[in-house]
Amino acid sequence: MKEFEYAAAASVDEAVSLLAAHGPRAKILSGGTDILVQLREGLREADLVLDVKRIPELTALEFDSARGLLLGAATPCYRIYEHEQVKRAYPALADAARIIGGWQIQTRASVGGNLCNSSPAADTIPALIAHAAVCHIAGPDGRRSVRAAEFCTAPGKNVLGRGELLVALEFPPPVPRSGARYLRFIPRNEMDIAVAGAGVWVRLDPTGQQIEEARIGLAAVAPTPLEATEVAAWLAGRPATPESFAEAGRMAQAIARPITDMRGTAEYRRHLVAVLTRRALADAVGRARGVG
Amino acid sequence: MTASAKPAASSSAPQYKVLGTRPIRHDGTDKVTGRAIYAADLHLPGMAYGRVIRSPHAHARIRSIDFSAALALPGVLAVTSAADMPDLKNKFADLGEGRVNLAHLGANCLAQGKVLYRGHAVAAVAAVSPHVAEEAAKLVRIEYEPLPAVTWVLDAMKPNAPLLHDDVFTESMGQLSDKPSNVSRHIHFEQGDVQRGFAQADVVIEREYRTASVHQGYIEPHACTALWNQDGHVTIWTATQGSFSCRQQVAELLELPVSRVTVVPCEIGGGFGGKIPIYLEPVAVLLSRKCGRPVKLTMTRSDVFEGTGPTPGSFVRVKLGATRDGKLVAGEAWLAYDAGAFPGGMIGPGCMCVFSCYEIPHARVDGYDVCLNKPKTAAYRAPGATQAAFACESVIDELAERLNIDPIEFRLKNAAKEGTRRVDGPVYPRIGLVEVLEAARASEHWNTPLAGPWRGRGVAAGYWFNIGLKSSASASVNADGTVTLVEGSTDIGGTRTSVAMQLAETLGIAAEDVRPQVADTDSVGYTDVTGGSRVTFATGLAAYQVGLDIRRQMAERAALLWECDPALVRFEDGVFRTDGRSITFKELAAKLHATGGPVVGRAAVDPEGPTHGFGAHIVDVEVDPDTGKVTILRYTAVQDAGKAVHPSYVEGQMQGGTVQGIGWALNEEYWFDDRGQMRNASFLDYRMPTALDVPMIETIIVEVPNPDHPYGVRGVGETPIVPPPAALANAIYRATGVRLRELPMSPPRVWAALAAAGKSS
Ligand SMILES: Cc1cc2nc3c(=O)[nH]c(=O)nc-3n(C[C@H](O)[C@H](O)[C@H](O)COP(=O)(O)OP(=O)(O)OC[C@H]3O[C@@H](n4cnc5c(N)ncnc54)[C@H](O)[C@@H]3O)c2cc1C
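From first to last, the protein sequence lines are chains Y and U.
Just so we're aligned: 170 in the working numbering is position 159 of the first sequence, and the numbers increase by one with no gaps anywhere.
Just so we're aligned: 680 in the working numbering is position 672 of the second sequence, and the numbers increase by one with no gaps anywhere.
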């Protein structure tokens, strides 16, 4: 590992100008649970490591049941599941935040870092897709916003341009009769990367028997996290029954494009997508009905 | 708390004061406060930092090594490669565990001409800081000519397989093959008349089993510091299981007299057999000789996976025949084990262990040691036995089921006992397998019904020899009545305490009154490796004899005080007595200076092994049919310890071995891509069990004293890794109706097997 400079920006503007000055050899440090490992193992190199945790906007967690949630990009995971209202309003996000590494990791690791690292297997991204999160980005040309579902472009790659950083994630306010769930499969019970993952969100009709609206995000079955729009559209108006969940699982399987690697075979991943989608839907519907 | 609070003792068990109690370990404070010095903690003035450059190819010829750019980097102090090693062609050394080809040993530390696995050490640099060394390593230009690689044992045996060595020939029954081969050795054992045996059988079952390479997975990566002093003396501080073995290996490789090398063993963070071979030490010595400074080398976790010994991947075929009433009559086994990059794997013990738990009158075993493009295999806890037991114990389970006999009952009917002749020749003395199986059958676990869908209970037995070998120890009596014990067995499993307890028992003093120390190779007599479950047995025996020596000398002092014949002084319960007079050990210790000076006891032993450790495991699992994931609901390990000197450490060994066996069974594997490159060389993707993956392992200690040890000790460290894969496979079968015959039984594989049987979604 080569020596590098360290700087801690105090504002978004300062961070943007430091990034602009150093170009691609500047690396942003949020919780550091990805970037420090990558620097140490020589997978990435940096001249400047730019800490963004001193920027108040980036460590914010503002929740209002009417306006929704504004989550700073560098806010550590534990603050999500320790916040009673947030945990209830965005249960799939809380599910994901609770399983990243162990609690030591969760006191540092951020959802923004998870998203910007842009691994196809990242645990929070399917939950971000399910909860319809929007990414607020700042850069040399000002600010812009992108749907979380469109953020990742390839393994380790995303829409951030030169000198840009992720400032915050914004989540729509919770709606009645909705529920969400993130489930992943790992061979062990902790300390593993998802072999496959599914994050789902559903809204039920007033009887609680029918799905009115759904969103589904899938992990580790394609070069980027996938938004299963076709499956979600199919679910709208369907009865909230095991048969619907199973069919949705089969549909999710059809759009998966997994690979074989040391974490699992393509065939197995395709199979898991169906299992996880089905199980996550059942749980999300349960949560929407106020059980489980 | 485990279930073993009370070992199942035999009726005439002797009464001990110290043995069987659970004193706090002598090295405990330093370990829990972080004060203990491990090899990577060592810092010496002027120390340089080395870095090993490793092969990116699984198999390649080294065309050239160009150090010029690295040497031009400021702060670089030395570079080395195999060119700096003496020519060791056709030199052999006896390292206590058989003959070792020194050319192979050397070429594993620094590649000679060819690299034989990804991660094979090729060259090294030393620099003023680890960061400079890392940068310099990137500047070393090595040109390779890649060659085809082979990583599966049966492929490596094919006549057209890529050949690793042109100087390795197949040795079979004393004959060498005429052409070089990846198969370095064929072993054959036979007893009785196998054909006739199978003819007597009512049921014959034959199956094939495959296992992946797995790593020992010790938490502490290899590390060492070497100093080539100006007077030519070499000192090495290292993490090793055997300081004398390390000394000899380094001395032989560098052609130095052993007296010119001092090995200082540091605390060791696990070894399980993997820290018996040397890797970094000779490289650090060469670098130190060149730069005149102490040089420290450490491995990363991926270096450890890619560059140090895994245990063999294997293919095993087992055929067993039994009569209708459940008597085994014939057995046949065919085993092919990875040797890794160089000959000399674990096939020998594999062949000896495959049928070691049973009395099989007619049996034949063939085994093959096969070179392929993986790291040179190293010992791993009962090396070679687990693969063999996975096969044999699975077939035994099928036989029991086919014959409608309870699996423990079936094992009891056929269990090896005193007088049973093993297929490789030895006849067992008094052993404890029957008692172990009886304890398993009587256990609360076995007698608690398991209900629920997708659940099943499995059982399997296991054996490991446990060796004897050489140990030395000495002890001096302090004026306050305590004793300082110096021994040479690096302490991996709490052996300082187990050895000290045996001295304390012999002297009739408290365990806390013995202060044990593990010394360097200049400060204690020759001692073989901490391996083969031998330390509590053999070094314990040395400590016992040291105790007798001290007792004899102390009795003479008492006789001097009492002006009587030393032969009339008796020693009982820590008190010296003669007619009407007595003096405690402590009181007498205070009078030594006035009665002739210090008392130092010493002993050097070389007891006959093996001590024969048998175990049986019971496991309950639940299988998720949708994902193939296996959850362990309950686990009980039963084992004959001979005598559990410190029951907590015996339980700890049983639990630790079991957990390693569970990892091997369910998830661990070297995952190679199609170019023979390991792709999961990290603890993230090489999936050892975490604390959340295993339940509390319940333990039942059985004590059938070893007649060849004064306290009956047998050694316990290795046996518990042997049964888990078979026990789990048998449990998965009972849960799902599907037999798995390949390790690991990972979720994708279990799911695929269930799906193929039409049992999964
Ligand atoms: C032991 C361990 C276990 C883990 N387990 C899991 C797991 O179960 N599931 C999982 O998904 N991940 C896991 N991870 C990976 C990691 O913890 C997560 O991806 C985490 O969310 C990353 O967040 P961070 O704040 O630490 O990111 P950092 O490491 O600080 O940053 C990650 C990447 O994003 C960039 N970045 C960070 N912030 C910004 C920003 N504001 N704008 C632009 N770019 C930015 C960085 O430059 C870097 O490239 C694990 C890691 C470890 C070490």
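Where hints are given, some of them may not hold.
Residues of chain Y placed beyond 10 Å of chain U at every Cβ, according to the derived structure [what the hints assert, rightly or not]:
id, residue
1, 67
2, 119
3, 153
4, 166
5, 275
6, 282
Taking lysine-lysine pairs in the DSS-like style, the calculated list, with each CA pair at most 25 Å apart, reads [as the list claims (entries may be wrong)]:
id, chain 1, residue 1, chain 2, residue 2
7, U, 166, Y, 13
8, U, 327, U, 146
9, U, 298, Y, 38
10, Y, 168, Y, 13
11, U, 166, U, 122
12, Y, 13, Y, 38
In short, the hints are calculated from the structure, not lab data.
From the three backbone atoms N, C-alpha and C, an ideal C-beta is built for every residue, glycine too.
> Does the structure break any of the earlier hints, and which numbers would those be?
Replying inline: 5, 6, 7, 8, 9
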